[in-house]
Amino acid sequence: MKLFRFRGGVHPESHKQATGSKAIEAMPLQKRLYVPLQQHIGAPAEPQVRIGDQVLKGQLLANSQGAISAPVHAPSSGTVIDITEHTAPHPSGLGVRTVVIETDGEDRWQDCQKTINPFELDADEISARVGAAGIVGLGGATFPSAVKLNLWKKHPIYTLVINGGECEPYLTCDDRLMQERPDEIIDGIRIMLHALHAKQALIAIEDNKPDAIERMKVAAHLFDNVTVVVVPSRYPMGSEKQMVQTLTGLEIPAGKLSADLGVIVHNVGTAYAVHSALRQGRPLVSRIVTVGGGAINTPRNLEVPLGTLVSAVFDYCGGFGESPARLLMGGPMMGQLLPHAEVPIVKGSSGVIALTEAEVAINRPRPCIRCGSCINACPCGLLPLEMAARSRKGDLQGAVDYGLMDCIACGSCSYVCPSHIPLVQYFSYAKGELAARRRHKQKADETRKLAEVRMQRMEQEERAKAEAAARRKAEREAKSKQEAVV
Amino acid sequence: MNRQVSNPISGPHTHSEQDTGKVMWTVLLALLPATAFGIYQFGWPALFLWLITTLACVVFEAMSLWLARKPILPFISDGSAILTGWLLAMTLPPWAPWWIGVLGAAIAIILGKQVFGGLGQNIFNPAMLARVALLISFPVEMTLWVNPLPLISSHAPGFIDSLLITLHGFKIDVYSGASVMGHVKTELSNGKTLSDALSQSYDATALALGFVNGSLGETSAVLILLGGAYLIYKKIISWHIPLSMIVTTASLAILMHGLHPERYPGGLFHVLSGGLLLGAFFIATDLVTSPNTRTGQLIFGAGCGLLVYAIRTWGGYPEGVAFAVMLMNAVTPLIDHYVRPRIYGHTATGKTLSYSNKKLARVKQAGEK
Ligand code: SF4
Ligand code: SF4
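Heads up: the sequence lines are chains X and G, in that order.
Okay, so the first sequence: first residue is 1 according to the numbering used here, each after it adds one.
Okay, so the second sequence: first residue is 1001 according to the numbering used here, each after it adds one.
Please keep in mind that the hints were generated in silico from the structure rather than gathered at the bench.
Any given hint might turn out to be false.
Said to hold, decoys possible - What the simulated footprint calls covered on chain G by chain X, stretch by stretch (three residues with Cβ under 8 Å from a Cβ of chain X suffice, anywhere in the stretch; the number is not a length):
{"id": "1", "region": "1112-1120"}
{"id": "2", "region": "1241-1250"}
{"id": "3", "region": "1343-1349"}
Just so it is clear, the structure is predicted and the values come from calculations on it, not from any experiment.
Backbone N, C-alpha and C fix where the C-beta goes; we use that ideal spot for every residue, glycine too.
Just chain X, with the same shape it has in the complex:
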């Protein structure tokens, strides 16, 4: 199949050997699970249980709210002992509402929803079940998958792209999943094809995963409409924009969705979750997590119940051989810095990585030498040096003019910058600042509108009063005139 090249990109050291050949193991159940009610993009879920309630594995804990949201289920059986704020896996270290479950060790499933052949269900029913199972983009984006499955109603979808790129260093959770559960993934893909009314599925896998490619090819060969495509290993291949470009040669137009081109992209983990939800009626309550980084004693892939604390996962992997310089959730290119290890594994946790000082390669920033490396590395055709210079000066409009809003925060620019300038840091700051300003402006606009309405009302009242007074005066005058005549 003809592939297309995206501009820029980098080749970070993959570090995948440590875990890529180790089979997925089950993470032992912990005494307590901390299940955040927001593990997805969109509105937080609303609790459906109360403190003291007994729950079974897979039971609904909190319901989705609004169009873009996802429900949350109990990862094991036990008792709800608290519903409280707990630190979320986010660098801010802020809390989110979290259901705390004391597990009973029995890990008892609730009665599963009766399953029928998914190919006899209509599209709405499939996406409803995917939504009800709490499935979100498991590549890390955590966008509710059901919403994406409904896009065919607006845009005819021709191709479903299954993203097995996994271009982030260290991570091998998708690689292992493809090696060990290829048939389940293919089944999930076929269910999604059916739901999307799409013609074909392309499973894109980077060429550094020969075993996964082999297994997936064998599993896919029975189906004409499912093709495994080997793509070159180049970061950020796994980014939706670059993946679509690689496969089709088309770019997703600015401000549009891939669906506008007739393409939907889902992650392999998501396909697997769809299979479990539709075939076994099981909601998303665990996921494969790569535990890696130079500081970890025994790196490996674990199937972890959601809500398990990262600290427990690290301990299970033998703890640290060297004290870690940074703890990350996700890969080192785009992963989130963890404030500490007492945060739970969530739906988007593709990996938890403990990096040593040497791996992080922290270096003091030096002045920009205008070498243009960042420009050549940027897969989006931006001018990172100019955007950063403007963000730093507080000239946000200037940064936007240079393309800030088209930046996918992939970090390729910072990765290559010989002066170690934290370019993405500047962009995050500028984007955050712009969002804050927008919110502020919205609020101001609303206040102004309210004030205007009130002014208008008062003016109207004034006018009404004045008119009434004028009328009365006129009446009086007319009356007195009459009297005078009489």
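Since chain X is already given, all that's left is putting chain G with the ligands on it; use the hints.
Just chain G with the ligands now, with coordinates in the frame of chain X:
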């Protein structure tokens, strides 16, 4: 187990091997063979001048940093001042007196770099700024070229004599000769034909290998080329500027030579002589003062090539690389402003991309084997 590791930082949490200091040191390494050969060719005075110029640059850099209250050591260790001094030394007449080197260093570092705000802020290549300023102010000292007197040869001045040469300058008539470029230019303007002019001074092989007079960096084309190739291989520079610069100059030369063989020297002559290669690989490619995009670099290189040819052929100076590069440096901000990569999902003019149905059909072709 509560490990507070660090403050909120966005990714990436890892870094490539690239480093500013490493970039500079690699360039220095690439310059080494040509420099060593030049010093061998022109003896002790060349070594002294090279040392003095480079050292002076470092001293002026340290002074400027101290005045600007910037940390001295981290900035000095990036190697950029050494590189500036080294490049400047390579374009000076090898037997020039010490004060030429020191003055040049002062101009390069203080006027050429620090007044703009230091590394990365300057518009002009500091070494070229210094060279041009020296050439205009001291035309005599700056155009006195010695014939090669290899260190081992019996005519070469000894250590003490060499020190004296560097301290006081040397007697013009003893060793000097015009550079090939200058010679040809003078002869042509005296009404001689090219073959006459060249017959005494031009030997392509000698020019390529470096057994001719000139500055340290002008002499051995082969070694400069080697250093340049190394830099491209190491991905410190890209081929765009050197290639477009050399090809432009060479094509113009070939064209003009074809029209008037007796008036205009050919392509090879232009490429091999007078610092074109040093300029193309080491000076025009200066990261700070050349455009950032590949397309911009092609334009920049072509502009340099054109100007080099024009100045050499019709200008008042026999050698045009420094002027050409500086003129193009001045245009660089303009090039960078207008030549930008197309942003993903946008058209070249910044509008939202839209595809024809024919293009959209690629989505369907994508599955075909
Ligand atoms: S982080 Fe943004 S600017 Fe930097 S390379 Fe990625 S897309 Fe380009
Ligand atoms: S990579 Fe760094 S030093 Fe080079 S131009 Fe970009 S910001 Fe400047």
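*Count residues of the region 1241-1250 of chain G with a Cβ under 8 Å from any Cβ of chain X, then say if the count reaches three.*
n = 0 at 8 Å, threshold three: violated.
*Examine the region 1112-1120 of chain G for residues whose CB is less than 8 Å from any CB of chain X, and state whether their number is three or more.*
Holds, because 3 residues of the region 1112-1120 of chain G bring their Cβ atoms closer than 8 Å to Cβ atoms of chain X.
*Closer than 8 Å, Cβ to Cβ, for at least three residues: run that test on the region 1343-1349 of chain G against chain X and report holds or violated.*
holds (count 4)
The structure shown violates just one earlier hint, number 2.
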